[in-house]
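S.K.: Take the sequences, apply the hints, and build the full model.
Residue strings, one per chain:
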Amino acid sequence: MLGLTVLLVAVLGGVAHAQESGTSVGGTIFRVDDAGDRQPVAGVQLTVRQGGTDVGRAETSEDGTWRVELPGAGTYQVELDTKSLPAGVGLRDPDRARLDNVEVLGGQQKNVLFPLGKAASKATLGDRFDRFADLTANGLKVGAIVALAAVGLSLIFGITGLVNFAHSELVTFGALVAWEFNSLGLPLLVAALFGMAGGALLGFALERGLFGPLRRRRMSTTALMVVSIGLSQLLRNLYLLFFGGSPRRFEDYAIQQSVQIGPITILPKDIVIIVISLSVLLAVGWLLKSTRTGTAMRAVADNRDLAESSGIDVQRIILITWVSGAALAGLGGILYGTTQTVSFDMGFTILLAMFAAVVLGGLGSAYGAMVGGLVIGMAGEISTYWLETEFKYVTALGVLIVVLLVRPQGILGIRERVG
Amino acid sequence: MDLGNIVFPAIRAAIGVPAAAYALAALGLNVHFGYTGLSNFGQVGFMLVGAYGTAITVDNGGPLWLGVLVGIGAAVILGLLLGLPTLRLRADYLAIVTIATAEILRLLTRTQRLSGLTKGVFGIQRFANDFYRINPIPDGRYGIGQVSFSARNLWVILVGWGLVALVSLLTFLLVRSPWGRVLKSIREDEDAARSLGKSVFTYKLQSLVLGGVFGALAGILLAIDTQSVNPDTYLAVVTFFAYTVLVLGGPAKVLGPVLGSVVFWLLLQLTDGILREGFNMSGGDVGAIRFALVGLGLMLLMIFRPQGIIGTREGAVLDDR
Amino acid sequence: MTADPILVVDGLRRTFGGLVAVDVEHLEVPRGAITALIGPNGAGKTTFFNLVTGFDRPDAGTWRFNGRDVSHTSAPKLARLGMVRTFQLTKVLPRMTVLENMLLAASNQRGERFLAALVPSVWRPEEAANLERARELLARFGLDAKRDDWAGSMSGGQRKLLEMARALMVEPTLLMLDEPMAGVNPALTESLLGHVTALRDEGRTILFVEHDMDVVMSISDRVVCMAQGRVIAQGTPDQVANDDAVIEAYLGRSHEAPA
Ligand SMILES: Nc1ncnc2c1ncn2[C@@H]1O[C@H](COP(=O)(O)OP(=O)(O)OP(=O)(O)O)[C@@H](O)[C@H]1O
Ligand SMILES: [Mg+2]
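Protein chains in written order, with my numbering: chain L, 672 to 1090; chain V, 1250 to 1570; chain A, 675 to 933.
Any given hint could turn out to be false.
Here are the simulated lysine-lysine pairs, DSS-like style, with alpha carbons at most 27 Å apart [to be verified]: (1) V:Lys1368 with L:Lys754; (2) L:Lys781 with L:Lys940; (3) L:Lys781 with L:Lys754; (4) A:Lys820 with V:Lys1433; (5) V:Lys1433 with A:Lys751.
Estimated spans, in silico, between C-beta atoms of each pair [claimed, not checked]: (6) A:Thr689 with L:Phe800: 42 to 50 Å; (7) L:Leu770 with V:Asn1378: 35 to 43 Å; (8) A:Phe788 with V:Val1256: 37 to 45 Å; (9) L:Gln986 with A:Asp886: 30 to 38 Å; (10) V:Asp1251 with L:Pro858: 50 to 58 Å; (11) A:Gly857 with V:Val1256: 54 to 62 Å; (12) V:Gly1311 with L:Leu953: 53 to 61 Å.
Read the hints as simulated data drawn from the structure, not as lab findings.
Keep in mind the model is a prediction, meaning the values are calculated, not measured.
Beta carbons are placed, not taken as given, at the ideal position from N, Cα and C, and that holds for glycine.
M.R.: Below is the structure:
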């Protein structure tokens, strides 16, 4: 335990807390007239929300500008009330009257754009298809990240019976370590390796220093679950103490121009994230299937006693699972931090998605967690086609409960033995 | 450093309304976790529906007593909704679904779509005037020296601890009965209980609902005390605190949660005072350190003294071959 | 076959992945008799118990208990109907006392209903009667001195005894014991056997799994032998002991040979 704290202090120490003052979001609304000149549009109504709550409203002044002061860094939604636009003027992209993921950093005066053009009569079928395609791509990205992070959670459960509520803190830890190295000037791709190594080290420390010894004391899995809750609480607040409360961005890829691939509008970094996470998932799948250690892992998760009696060194397998599961969780955290921001509680925000993925795929099954992660990520993102963003998690939970009712052992899980 | 600034707030906290409310929430968890062995990690969800049930009813013109009933009813429904899909499955599912549901309920109270009822992130205020109108305590301050309360405060404190006493008595009667014996058998080995003809599922459902109602009472008490409900009061960490209270006092002991809550709030406030007065720390850091210490405390208790302050070592560590 | 079997099983099948654990065409358990279920390790005896008592779901098959189709009846309901089983790996309730283990098992307790539980005067009388019965049973199984100990503090053999005594608290008509003598000291085995025959003489039916052939031969009225999920022989103890298929099943797998 002590060693762990020292490790955390060493990695996270010395970071000054960022101050948050004068954070705001705003912009200028203008249209381009027939002569090609910019004409500011006054009296346009805008609303800024966070998680479905109004943070503030603004109306553009004579010069077309507007600004809303924000309580602090975070993700906001900005919506332009199209009814307040003058007649004949509309959004160039009618689907973008609401920007869902406006990331604002502490102290930043963020600007957002609402390009205007001739009023479109109605979103065409093509527009709607484009939006759907975008959401699908986004869902693939989120899903792959969740899948990466959840594989370890599921395997650790399968092998040790522990539902590890502190898994989210492994996710965060990877991202925090990567951020520290990135801010020292290392390119993100290199920093990410350090982040994964940090995650792996923490996984190692937790198994060797905490959960291994407790298992040997024959602590019940329910009691271990409560221990992991305490641990999650401890780690998260240590992160807060050393890293501070405001979200940060990685130095690289902070600002990018999106590109068009077929119907999909996507940021280049998101393409990289999808490629990396899917290839890592495939690699993990292959390793589990084709290497001796991988087969042993699945055998132990399947039936521990049987595996032990057939000569597998179960303790070693458990350790390997912790280390690799934690490294993958860390990678998940780094990728998640690249799409959003890095913060002390980022892991906790995707914990529910990870749980949903793991249950969906069948508790204990690594492949199940992968499939489950993809399904949960896609379902959540695509649901925003019809529902507000804040219903994303509700969708995930809905999927989860339906699965529990119709197929409690999950998509790939198996029924357990009694008696 | 003024010792009084450390000690007196701690004593106030130990007998204050939050201590009573956490005792109630933990009494509920004791029914779930201590006696039945159910891992409900979403107790805060029951608190939320209790508090919002009350506040929304009053906000829409209903009397407070009706609001309280609605809050309790909402907890019953939540218990059934959580229990029906999960309680036939292995224990881990309940843990996952409860923590997820509690968090989702919180997100839902924030959403635009429901803000007609919930008033979104601003929440609902001043719905408990009926309660303070019937306060029989004459105006003035009551107590000794720095540990004193206004008539208004004292009224909530008395009702709060009265509720704790009532719920403890109810728990006492139940766990001494054959009904309570069935709950314990489920905690010990539900297949054994099943083999002896006990409808395990029904009892688990009853346990979940009962403990959930205790949680709702905790939520209602807190809401009445602050005269406000607000989504960000109902974070997952509330449940974890309630677990710490339970483990501190001793699971499966009727008065464990009560003792646990008093000691918990005393320690929490002492830490707070020592960090502020002794180390001159600022608000944010104190909060983080306090929360980290609660986490550490929960771990250490679970590992080294799972039977809590008043439990016996023997009962906690029996090896179950 | 007796005219009125207490349990009739048809076409019962359970597979785990590719492994066929149980595949019983037809089996009848005669009422009021002691039937032994034998077979080498992994023959499917425990799985058979799990299926019949509602602890596991079969891939196919039906079975009737006391003439009533109970293929879809839940485990607790079956126990309340009088079909009570014990477990090969004992399932005592460790952090409850031996006496509490016993009292729990009594059926039809009014005090087990939520509202009635709150009024002790409603359930005190029946509790007293159950206490009486529990004490008698514990005395019969030589556990009376252990009455107030944690069940979790008992030895393996004592756990077997407690589990059997506890099952009797339910007042079963069909008692299904999964290796009741395993781990019980030989001196006690003698008296246990006495109890089992006494139970039959009270009119109860017993189906038990046992590996010790001496035990099987000495008390059972009928013997059923399973191997690889199937019933390969049944009849009187002598018939089964001399059955070629049985001998091969045991010797072929080099386990203890039937006596
Ligand atoms: N849940 C399960 N998953 C996979 N295989 C199982 C499961 N339960 C039982 N089996 C297999 O089914 C077969 C029958 O097992 P069972 O426990 O019924 O045997 P048994 O006759 O009781 O053996 P023993 O005499 O050793 O107790 C075994 O091969 C066992 O490995
Ligand atoms: Mg067996």
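S.K.: A separate judgement is required for each hint: does it hold in the structure or not?
M.R.: How the hints compare with the structure:
no., hint, verdict
1, V:Lys1368 with L:Lys754, "25 Å, holds"
2, L:Lys781 with L:Lys940, "21 Å, holds"
3, L:Lys781 with L:Lys754, "24 Å, holds"
4, A:Lys820 with V:Lys1433, "20 Å, holds"
5, V:Lys1433 with A:Lys751, "20 Å, holds"
6, A:Thr689 with L:Phe800: 42 to 50 Å, "46 Å, holds"
7, L:Leu770 with V:Asn1378: 35 to 43 Å, "42 Å, holds"
8, A:Phe788 with V:Val1256: 37 to 45 Å, "44 Å, holds"
9, L:Gln986 with A:Asp886: 30 to 38 Å, "36 Å, holds"
10, V:Asp1251 with L:Pro858: 50 to 58 Å, "52 Å, holds"
11, A:Gly857 with V:Val1256: 54 to 62 Å, "58 Å, holds"
12, V:Gly1311 with L:Leu953: 53 to 61 Å, "57 Å, holds"
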